[in-house]
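Using the sequences and the hints, build the whole thing.
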Amino acid sequence: MSGALRQMVTCHWTARRIQRYLDADPSAPLTPGEVTRLEEHVATCARCSEVMRQHRLLHGALSLWSGRRPVDPATVDRMRTVLDDLIEGRQA
Amino acid sequence: MSETSAPDDVGRRRAFAEVVEPEIEVMLRVARSITGSAADAEDLVQESLVRAFRAIDRFDGRHPRAWLLTIVRNTNSNMHRRRRPIAVDDWELIHASRPAFGATVSPAAEESYVDQELEGALHDAIVGLDPRFRSALVLVDLHDLSYAEAAAVLDVPVGTVMSRLSRARERVRKALGPTFTTTRGEQS
Numbered sequence: 001m002s003g004a005l006r007q008m009v010t011c012h013w014t015a016r017r018i019q020r021y022l023d024a025d026p027s028a029p030l031t032p033g034e035v036t037r038l039e040e041h042v043a044t045c046a047r048c049s050e051v052m053r054q055h056r057l058l059h060g061a062l063s064l065w066s067g068r069r070p071v072d073p074a075t076v077d078r079m080r081t082v083l084d085d086l087i088e089g090r091q092a
Numbered sequence: 001m002s003e004t005s006a007p008d009d010v011g012r013r014r015a016f017a018e019v020v021e022p023e024i025e026v027m028l029r030v031a032r033s034i035t036g037s038a039a040d041a042e043d044l045v046q047e048s049l050v051r052a053f054r055a056i057d058r059f060d061g062r063h064p065r066a067w068l069l070t071i072v073r074n075t076n077s078n079m080h081r082r083r084r085p086i087a088v089d090d091w092e093l094i095h096a097s098r099p100a101f102g103a104t105v106s107p108a109a110e111e112s113y114v115d116q117e118l119e120g121a122l123h124d125a126i127v128g129l130d131p132r133f134r135s136a137l138v139l140v141d142l143h144d145l146s147y148a149e150a151a152a153v154l155d156v157p158v159g160t161v162m163s164r165l166s167r168a169r170e171r172v173r174k175a176l177g178p179t180f181t182t183t184r185g186e187q188s
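As you go down the protein sequences, you meet chains V and D in turn.
Each residue of the first sequence is one higher than the one before, starting from 1 at the first, in this note's numbering.
Each residue of the second sequence is one higher than the one before, starting from 1 at the first, in this note's numbering.
The set of hints was computed from the structure by calculation and includes no laboratory data.
Simulated DEER-style distance windows between Cβ atoms:
#1 Ser37/D with Glu34/V: 41 to 51 Å
#2 Arg6/V with Glu21/D: 47 to 57 Å
#3 Ala24/V with Glu170/D: 17 to 27 Å
#4 Leu22/V with Gly177/D: 18 to 28 Å
#5 Gly61/D with Ala24/V: 17 to 27 Å
This one's a predicted model, so the numbers in the text were calculated from it and none came from an experiment.
Using N, Cα and C, we set each Cβ at its ideal position, and we do this for glycine too.
The following block contains the structure:
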């Protein structure tokens, strides 16, 4: 396999795993070998590095978005009261 | 409120409280996304807590958040007899978020970038998503649910959540376009 073709195959392989790599979700973990291969490729591939940067930038933007604000603490307190009533047998 | 037939054992009641109490806030956030209203979300979570309490004997002790969110989803379906899949449109959340842009006090460089460059664009990109894709994005990226927890809310396989999330993110990135892809966002 030529170097260019190998690079293209690895870019495709990497693109399919970047989300799982960044999310690190327990439902879809990468193997240690996959992590190593991905990190080594991204370190040397400008295109995949840029894709990774964009993923991180979007994640950062969403994490700063005000839509993530917590719910009203008073509402949480009312639900805690409901829970207390349930476990104390006061909820009919 | 439904009548409760609850576990009698004191230990079980305490265990129930220990499992549920840390999840109340995320239940409320997800319920707000499902119902689109804070008031309806409170009603939904209250009813869900009752149903969870009655079903505690059937809980296997694993993945309490996913278990509770499944109850929230099913309770919502029962309360509203919805025939369509849950969309998690979350219009209240999305629209309520807009005025907060620019309100950051002493923002870090990245926050400043979000305020100045992405105001409106991010909102428009998310609103413009197909509801199925937006649901996955809202649950995972805004509510910080795991794939499995989002799958429980949406009643779809984990793989479907991953696929929808990938498409949602890709479409948001494309919708944001050059503003997002230039190096201005790398100030931090």
